[in-house]
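Colleague: If you want the building blocks of each chain, they are given just below.
2 protein chains.
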Amino acid sequence: MKNLPLAILAGPVLASLIGSLQAAEAWQPATTNQPGREYPRVDEKGRVQARVLAPAATSVQLDIGAVRYPLTKGDDGSWIGNSEPQDEGFHYYQLNIDGANVPDPNSRYYYGANRWGSGVEIPAKDEDFYALKNVPHGELRETYYHSATSKSIRHIFVYTPPGYGKDPGKRYPVLYLQHGGGENETGWGNQGHTARIMDNLIAAGKAKPFIIVMENGHDTGKAELPKPPEGTGQDPRSRRFFGHFQVFENVVINDLIPFIDANYLTQADQAQRAMAGLSMGGMQTRAITLKHPDVFSAIGVFSGGSIKTAEIQDMDAFKNKVKLVFFSFGSKEQPGATTAKADAEALKKAGVNSHYYESPGTAHEWQSWRRSLHQFAQLVFQD
Amino acid sequence: MKNLPLAILAGPVLASLIGSLQAAEAWQPATTNQPGREYPRVDEKGRVQARVLAPAATSVQLDIGAVRYPLTKGDDGSWIGNSEPQDEGFHYYQLNIDGANVPDPNSRYYYGANRWGSGVEIPAKDEDFYALKNVPHGELRETYYHSATSKSIRHIFVYTPPGYGKDPGKRYPVLYLQHGGGENETGWGNQGHTARIMDNLIAAGKAKPFIIVMENGHDTGKAELPKPPEGTGQDPRSRRFFGHFQVFENVVINDLIPFIDANYLTQADQAQRAMAGLSMGGMQTRAITLKHPDVFSAIGVFSGGSIKTAEIQDMDAFKNKVKLVFFSFGSKEQPGATTAKADAEALKKAGVNSHYYESPGTAHEWQSWRRSLHQFAQLVFQD
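Chains as they are written, first to last, in the numbering used here: chain C, 13 to 395; chain B, 13 to 395.
Hints listed in this document are in silico derivations from the structure and should not be mistaken for laboratory results. Just so you know, not all the hints are guaranteed correct.
30 Å max Cα-Cα, derived DSSO-like pairs, lysine-lysine [claimed, not checked]:
#	chain 1	residue 1	chain 2	residue 2
1	B	303	B	331
2	B	239	B	218
3	B	137	C	182
4	B	163	C	137
5	C	163	B	178
6	C	163	B	137
7	B	234	C	145
8	C	331	C	182
9	B	239	B	335
10	B	178	C	220
11	B	335	B	220
12	B	182	B	218
Just a few of them, taken from the derived set where beta-carbon distance is under 7 Å, the chain B residues facing chain C [claimed, not checked]:
#	residue
13	46
14	68
15	110
16	111
17	128
18	140
19	144
20	156
21	177
22	387
23	390
Quick list of simulated restraints, FRET-style, between CB atoms [stated by the list, open to error]:
#	chain 1	residue 1	chain 2	residue 2	range
24	C	243	B	41	36 to 44 Å
25	B	47	C	183	34 to 42 Å
26	B	193	C	40	27 to 35 Å
27	B	47	C	140	28 to 36 Å
28	C	250	B	47	50 to 58 Å
29	C	40	B	245	31 to 39 Å
30	C	361	B	160	50 to 58 Å
31	C	143	B	125	42 to 50 Å
32	B	245	C	183	54 to 62 Å
Since the model is a prediction, treat every value here as computed from it, not as a measurement. Quick reminder that beta carbons are idealized off the backbone N, C-alpha and C, glycines included.
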């Protein structure tokens, strides 16, 4: 093209070149990338563009949101392609290279969908609430304790707020916060951005400082799974589910809470103890808190169903004990969202301090849960 | 084969079948695998056997220790194969699928070699010292602080020993512990097993409880890199190296140590402050501690060279200030190991409390550094 008169570049050709440059600028490396990696990239529409060097491959796909998008091979042996727009927030994904499902070597790795694998962050209009800022920072503490219930050493994370321990006389409420099915105790701290959400809320004076404890809701260790009672049905999955939930309840009530109260600066009483969880963790929260009203005074269920007034046997006793009930869903989660909203309203009419939050434009995914924690944290322990 | 008389199975055929069964039993899932994954497996010889489903691939390799081992395709579309024996301990590795270098979807992921990628653990005769045990556990705390030097928010890990904070009057010595080139602040906590090593030593009464701080020795943030002095040479890499080291020194001395002393229960004086590091972190340790004898009283250099008596300008002043000098290498690291041993002996002759440790049968790899920390922790802060 070097002998073409410049004038020919004017008009459509020049416009096309400028358009390409602008399009290139609109793609930004995802914040979930490994240090220094240009791909995957995301654009303002929420599309994900992946690139991988696979010179001898015959087929490469980007697999995100249960949809596979084909990548196209370039002259340099790299494959590139992009997805349809994704919801704001965090998504698990993987690559498929000649039939092999593998993590993208360019992304950081997160635990979800029962595996450590790739994740990609789509910028969100409200991402400021989980941004890393120059505010006082709490700590995300990784530690272990022995559980008699599971007959094993359990791996937990404990968030402690900024300034924790400076005044040894100051004690804090505790939120027990659970992950979803196929996830583990790392989810809320990694892709959930729990520490950043809390640090920012506390710096802005919008939440009371409290401790957050994150356990593994799947890990039954060496515990024998209790048999379900008569009438549970014969479906092996639901019977196994029952056993798992029962072990987890015993771990939380008999081992975890005593360990936390013995080793952290807690206000070790029902009024200053809450439980919340997402999806499966929300179901566990409902089951455990309804069974133990003397242990927890606040209940948060994120994308994990809701509680109907009919489920509460003694409403006066419930209102006396439970100071906050919070349900949330992503707006795309139907019919759960509509049901939860109605259930929250019914509880409010019955005199319960109940709240419903709906995350706009999101589904059963982390952006719904980050926003839910952000809302719940501003409501809990306010008495 | 169903009509073959049983007798034919006797002799060589039966021996071969039994041999196969025994061989299968000798392969064990690596402890670094994702939960529930059977592969990669390791055997008593230290071989790694990888398996990946890649039905449409034409070539799959296991890439470990800078050597690629071909995998063989089975009828089910999976590829399987194993490496030559590896040293005891931890190794970074990856798979190559039709020319694409990707993490193994079955392993957990670790940061090293400038990337998050697969790691595999080869059982070691001495693995008990970093095993997870039912002893009192410290905490590995993830937090952030603002550095004026790097004009950025920095990500650090702080190990606090069991019982830390229970008696707010009890204060602890501090070890600043650095990773190697291509690694980051997560290395000592993840593949280094720092918390387990310390918890086990403290439980056995073999080490004094102390705090360990892990920074990122590469991250210069938004700092302008200082220019090297005249005579540094014109090699761009060594000039850039100089700038990076200078920024890191300023971060440690001016920002990190003041932050730690202001926010943790430290004994904030030279006698109770040590620095150690592996490889590049060892070089940084040498440079920073020799320049700041009023800040650190103990020096640990793991696979990062050594200090010659001639480098110490005022030996009396050095002996007065520095209470411990520790060099270590893997026995396969030559000539560094031999030189460091001789240098440690020369320092001892000059009256310095110097120690040399050699990790048997290992090279420039994490098993050398886990063992080095295990040794160093028993020697430091003993005055």
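Colleague: Give a verdict on every hint.
Modeller: Hints and how they fare:
Only pairs whose Cα atoms come within 30 Å are accepted, and residue 303 of chain B paired with residue 331 of chain B is accepted, the gap being roughly 14 Å. Proposed proximity of residue 239 of chain B and residue 218 of chain B is contradicted: the alpha carbons are some 44 Å apart, above 30 Å. At most 30 Å may separate the alpha-carbon atoms for a hinted pair to count; residue 137 of chain B and residue 182 of chain C exceed this at roughly 46 Å. Proposed proximity of residue 163 of chain B and residue 137 of chain C is supported: the alpha carbons are some 26 Å apart, at most 30 Å.
Note on residue 163 of chain C and residue 178 of chain B: the hinted pairing holds, with a Cα-Cα distance of about 26 Å set against a maximum of 30 Å. This hinted pair checks out: residue 163 of chain C and residue 137 of chain B have alpha carbons roughly 26 Å apart, not beyond 30 Å. Our distance criterion of 30 Å between C-alpha atoms is met by residue 234 of chain B and residue 145 of chain C, whose separation comes to about 15 Å. Between residue 331 of chain C and residue 182 of chain C, the direct Cα distance comes to roughly 28 Å. Compliance with the 30 Å bound is thereby established for this hinted pair.
The straight-line distance between the Cα atoms of residue 239 of chain B and residue 335 of chain B is roughly 33 Å, outside the 30 Å bound, and the hint therefore fails. With a C-alpha separation of about 23 Å, the suggested pair residue 178 of chain B and residue 220 of chain C falls inside the 30 Å cut-off, and the hint holds. Between the alpha carbons of residue 335 of chain B and residue 220 of chain B the distance comes to roughly 15 Å, so the proposed pair stays at or under 30 Å and holds. With a C-alpha separation of about 19 Å, the suggested pairing of residue 182 of chain B with residue 218 of chain B holds against the 30 Å cut-off.
A distance limit of 7 Å between C-beta atoms decides the matter here; for residue 46 of chain B the minimum to chain C is near 5 Å, and the interface restraint holds. Given the 7 Å rule on beta carbons, the hint for residue 68 of chain B holds: about 4 Å separates it from the nearest Cβ of chain C. The interface hint given for residue 110 of chain B holds, since its Cβ lies 4 Å from the closest Cβ of chain C, which is under the 7 Å cut-off. Taken as an interface hint, residue 111 of chain B checks out: its beta carbon lies about 4 Å from the nearest beta carbon of chain C, inside 7 Å.
The criterion of a C-beta within 7 Å of any C-beta in chain C is met by residue 128 of chain B, whose closest approach is roughly 5 Å, and the hint holds. About 15 Å separates the beta-carbon of residue 140 of chain B from the nearest beta-carbon of chain C, more than 7 Å, and the hint is not met. At about 6 Å, the closest approach between the beta carbon of residue 144 of chain B and any beta carbon in chain C falls short of 7 Å, and the interface hint on this residue holds. A cut of 7 Å between beta carbons decides the hint on residue 156 of chain B: the least distance to chain C is about 4 Å, and the hint holds.
A cut of 7 Å between beta carbons decides the hint on residue 177 of chain B: the least distance to chain C is about 5 Å, and the hint holds. Annotation: interface hint on residue 387 of chain B violated; nearest CB of chain C at approximately 24 Å, more than 7 Å. For the restraint placing residue 390 of chain B at the interface with chain C, the shortest Cβ-Cβ distance is roughly 22 Å, beyond the 7 Å limit, so the hint is violated. For the hinted restraint 36 to 44 Å between residue 243 of chain C and residue 41 of chain B, the CB-CB distance of approximately 39 Å keeps it satisfied.
In this structure the hint that residue 47 of chain B and residue 183 of chain C lie 34 to 42 Å apart at CB holds, the actual value being about 35 Å. A C-beta distance of roughly 29 Å is found between residue 193 of chain B and residue 40 of chain C, which places it inside the suggested range of 27 to 35 Å. At about 35 Å, the beta-carbon gap between residue 47 of chain B and residue 140 of chain C stays in the expected band of 28 to 36 Å. Against the hinted window of 50 to 58 Å, the Cβ-Cβ separation of residue 250 of chain C and residue 47 of chain B comes to about 22 Å, which falls outside the hint.
The hinted window of 31 to 39 Å between residue 40 of chain C and residue 245 of chain B holds, with their beta carbons roughly 38 Å apart. Between residue 361 of chain C and residue 160 of chain B the Cβ separation comes to about 55 Å, which falls inside the hinted range of 50 to 58 Å. Residue 143 of chain C and residue 125 of chain B have their C-beta atoms about 30 Å apart, which leaves the hinted 42 to 50 Å range violated. A hinted range of 54 to 62 Å for the beta carbons of residue 245 of chain B and residue 183 of chain C is consistent with their spacing of about 58 Å.
Hints 2, 3, 9, 18, 22, 23, 28 and 31, counting from the list given before, are not met by this structure.
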